[in-house]
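Protein chains: 4
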Amino acid sequence: MRLLFIGDIVGSPGREIVTRGVAGLVLRHQLDLVIANAENSAGGSGLTPQIYRKLVKAGVDAITLGDHVYRRKEIYSVLDSSENIVRPANLPGEARGRRWAIVEARDGTQVGICCLLGQLFMKPIDNPWVAADRVLAELPTEVKVRFVDFHAEATSEAQVMGRYLDGRVSAVLGTHTHVPTADECILPEGTAFQCDVGMTGPHDGILGRRADRVMETMLTANPTQFDVATGDVRLNGAIVDVNPETGLATAIERLCVLEKELAELESLATNS
Amino acid sequence: MRLLFIGDIVGSPGREIVTRGVAGLVLRHQLDLVIANAENSAGGSGLTPQIYRKLVKAGVDAITLGDHVYRRKEIYSVLDSSENIVRPANLPGEARGRRWAIVEARDGTQVGICCLLGQLFMKPIDNPWVAADRVLAELPTEVKVRFVDFHAEATSEAQVMGRYLDGRVSAVLGTHTHVPTADECILPEGTAFQCDVGMTGPHDGILGRRADRVMETMLTANPTQFDVATGDVRLNGAIVDVNPETGLATAIERLCVLEKELAELESLATNS
Amino acid sequence: MRLLFIGDIVGSPGREIVTRGVAGLVLRHQLDLVIANAENSAGGSGLTPQIYRKLVKAGVDAITLGDHVYRRKEIYSVLDSSENIVRPANLPGEARGRRWAIVEARDGTQVGICCLLGQLFMKPIDNPWVAADRVLAELPTEVKVRFVDFHAEATSEAQVMGRYLDGRVSAVLGTHTHVPTADECILPEGTAFQCDVGMTGPHDGILGRRADRVMETMLTANPTQFDVATGDVRLNGAIVDVNPETGLATAIERLCVLEKELAELESLATNS
Amino acid sequence: MRLLFIGDIVGSPGREIVTRGVAGLVLRHQLDLVIANAENSAGGSGLTPQIYRKLVKAGVDAITLGDHVYRRKEIYSVLDSSENIVRPANLPGEARGRRWAIVEARDGTQVGICCLLGQLFMKPIDNPWVAADRVLAELPTEVKVRFVDFHAEATSEAQVMGRYLDGRVSAVLGTHTHVPTADECILPEGTAFQCDVGMTGPHDGILGRRADRVMETMLTANPTQFDVATGDVRLNGAIVDVNPETGLATAIERLCVLEKELAELESLATNS
Ligand SMILES: [Fe+2]
Ligand SMILES: [Fe+2]
Ligand SMILES: [Fe+2]
Ligand SMILES: [Fe+2]
Ligand SMILES: [Fe+2]
Ligand SMILES: [Fe+2]
Ligand SMILES: [Fe+2]
Ligand SMILES: [Fe+2]
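Chains as they are written, first to last, in numbering that gives the first Met the number 0: chain A, 0 to 271; chain B, 0 to 271; chain C, 0 to 271; chain D, 0 to 271.
With the rest of the complex left out, here is chain A (with noise of 0.2 Å):
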């Protein structure tokens, strides 16, 4: 089976691309699974209810979140009653929200979705490596093909939580910089691997930002307001192939649509 992973939506033109581009993406691709972390995708912080019905009605099957999950509070009652979306899973025990979720590929195969959050670099969070563990135990033996979003700062931690699954879940990637790295890989037993695959949203700016409030504030220590960017939008994620019976990866593919591709994706999902 095959699945893409969407890297932060940043803002409203994030949930545009996304929205426009999807179905074509599914045609083109011949996805059987869509999985964005959605942690920006409010006004570039944090996600609403009315967003996320947007991204699942727009085909995003299962969403997962970062360090922003509860930045928008309204978004807590989705986190309650929801199947399809996550919340950290080394967040403390008692967060709101599910750490794990399963979901249905369109050809039938059951996938197990998590997040966790890294700790090197970012505000303290429970261990990564026992919360993996963790819900790797809790999750149905008969549910394979596992995907982890590893939201995290540091290519070191990246990279060990890479090694730390590699074969144990199908693939690994990361969320949180907001620029994709150009080091997909399978690793040697079996799991695919990426450090980061990069933001959707406008690429005009400081990882979706506008560049002038951010280098203002960087410059000048003067408190800015860092509203999202407008030019240069583009969804970035990574495309992976699994074995469904074994669920480990067969090929990982980094994936970047440009906004002008969304007229041809567009007519590609009409008429299909």
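Be a bit skeptical, because a hint or two may be false.
Copies of the same chain look alike in the list, so a pair counts if it fits in one copy or across any two.
No farther apart than 25 Å at their CA atoms in a straight line, the calculated lysine to aspartate or glutamate pairs in the DMTMM-like style are these [as the list claims (entries may be wrong)]:
hint, residue 1, residue 2
1, Lys72, Glu215
2, Lys259, Glu188
3, Lys72, Asp211
4, Lys122, Asp226
5, Lys122, Asp132
6, Lys56, Asp240
7, Lys72, Asp226
8, Lys56, Glu73
Simulated from the structure, these hints should not be mistaken for laboratory data.
Predicted, not measured: the structure shown is a model, and the values here were computed from it.
Following the hints, position chains B, C and D with the ligands against chain A.
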């Protein structure tokens, strides 16, 4: 003119692929200049005079460094006397070594070179924007081709440095995370940019170190010796085309050389 | 001459103990000058023109700030026009506000005042040692009494700043951790030193904020409003005796004023 | 019952003041138990079996450690076999050493002891609140006197730990910053608390290390050997009175012993 920048050379595997491959790369890609970050070339951390000389003899025209600049104190003599090696320009004023260098490329172009350390998620260090401005002001105006190695952890800071220097230097290429990013581009005002060009050395470990050792420490808190790994050696870098009249970049391309290419590169160099 | 330095004033409880107590403290301790760090005085973060005026009216002669200097932008006008308030001297050059101030003590002594931010465990900021040297060079040589508020997180960095300025300034007193340290001393060359003088405000919470809120967020990752706490209000600071001829300190004493002392302090002020 | 907790013992000066002074302190203050943090006792970092035995012989009844717990691997054998020494309880599960110990005080009271590492501004580590809960659940209920050394950098986190365990343990006393805080108190539910009890060793340096060396590195980026300093040796700690029936504290007092008191303490011990 065309230059190659080689990312963090790690240990003897990194040194070997550089010393064996550079001459062939110069021919294959018609390079006018080869710059390399050598901060990890001595046993994974620091640089020695002997290694410095080997790299220069192999065809590396200029050397940049990073946070591990002084890990091997033997290098002080080289830093004091050599004209093609720079220490980070935003170390404190009394730090050993030069803040910028000018080297002549094979086509006769004078190229100004410096490196800067990031502040985010790194040890306290002086303001890199101020240091960059100062280097640019000190470089003779006739030196139009100007190269900056931004040795930084955070993607946000790297992108700000790219924007800050856009149109004022030929290239801002990152090092330090040891993982190449897939974001190479020419910024709007003509500066070549990439968050990180990746590292040069063994890729079967964690950032070039033995995976078993790093993982044991990350998982058990037991300190271990982070020896340099050995397998899957690659040379990561970026090739930039610069208009010597304007100093602006016209093209940038990622480069990843595998061990198995060495034989061909060596025969190319021998037969030329 | 004798000066009192009051640590981070937090919210309305902090403002109240200062405005009600300072006049009495001046009498009780025969103070020639009162300096206060006011970075948290507006609702726990930042400073407003109105609060600035209230503090000055109550007898605060000079104000220092910290990392929250610009949290309330209304303060820009005061920073631009007032002569007894300083922003951290190692903010970037273009930052609003003055890097040092000179105020006249009740005994006629001119006192130079500045504050500096630490780098360790804090947001990236310019080199504080260089900034300190620059302020000292700019202050007129006849201004012998010189006061430095070092707003820093790490005890190591505070101790280094004390040693670095020992004999060159009258006092290096810390703020920012909101907890007074029991290490007040006169350093070998004559500078009064204390890692942190503590904060001024409610002490029944966490650094002045409501304990229940901070704990909920630390324990569950659920974001909460960190409102200023209300109980156990104290004024923390240090009293330093300085020889106005040499500018060196002769004594330092911790000061902790409790709410219950206010009535007595007020009647002292009224009856004088 | 009355216990003394001695803060981070640094190098041979720290060891000497402890080994020479403890017997006298036990007499002078009628101590039932002496606990010490020994994480810096071997040359400034780590602990060796020989030093462990010396401290125990001198009258230290129980030993806690910190982030430098494994700096000297020789200590593994002691951690594996001795019953009065604990490693931080929130290290990963496989870490060497015990998470809690029970020692008998001179008055017959059983005292449960553990230490925990903070997360803020420190290397990634497991959740300390969860680890604290687990230790408390594992300690036999009849062990009512319970001591926690919270080895942490940030004052906020220390205060949260105090509030979190208030009423559940006898004392939460901090270590790691090497500077005593002037905030010792009995929290509302009966737990003795102090952010940091300070360190035991030379006070003429930076956190116990030679000031010239630390300053050179901070000011010039030049790596130096941070040798242990030599002068102004002090023993810093806190004395806590605990009701053995309830396990709650009734008093806490800071203790600072100077070198010059040693002669008197030694004669007190000899003559008893
Ligand atoms: Fe994130
Ligand atoms: Fe994000
Ligand atoms: Fe580096
Ligand atoms: Fe490196
Ligand atoms: Fe502050
Ligand atoms: Fe503050
Ligand atoms: Fe420590
Ligand atoms: Fe320590």
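Here is what the structure says about each hint:
1. Lys72 to Glu215: between (30 Å within a copy, 15 Å between copies)
2. Lys259 to Glu188: between (38 Å within a copy, 22 Å between copies)
3. Lys72 to Asp211: Cα proximity of Lys72 and Asp211: across copies only (19 Å, versus 29 Å in one copy).
4. Lys122 to Asp226: Intra 23 Å, inter 21 Å, cutoff 25 Å: intra and inter.
5. Lys122 to Asp132: Classified as both: same-chain Cα gap 21 Å, cross-chain 21 Å, threshold 25 Å.
6. Lys56 to Asp240: within (24 Å within a copy, 45 Å between copies)
7. Lys72 to Asp226: both (20 Å within a copy, 18 Å between copies)
8. Lys56 to Glu73: within (19 Å within a copy, 45 Å between copies)
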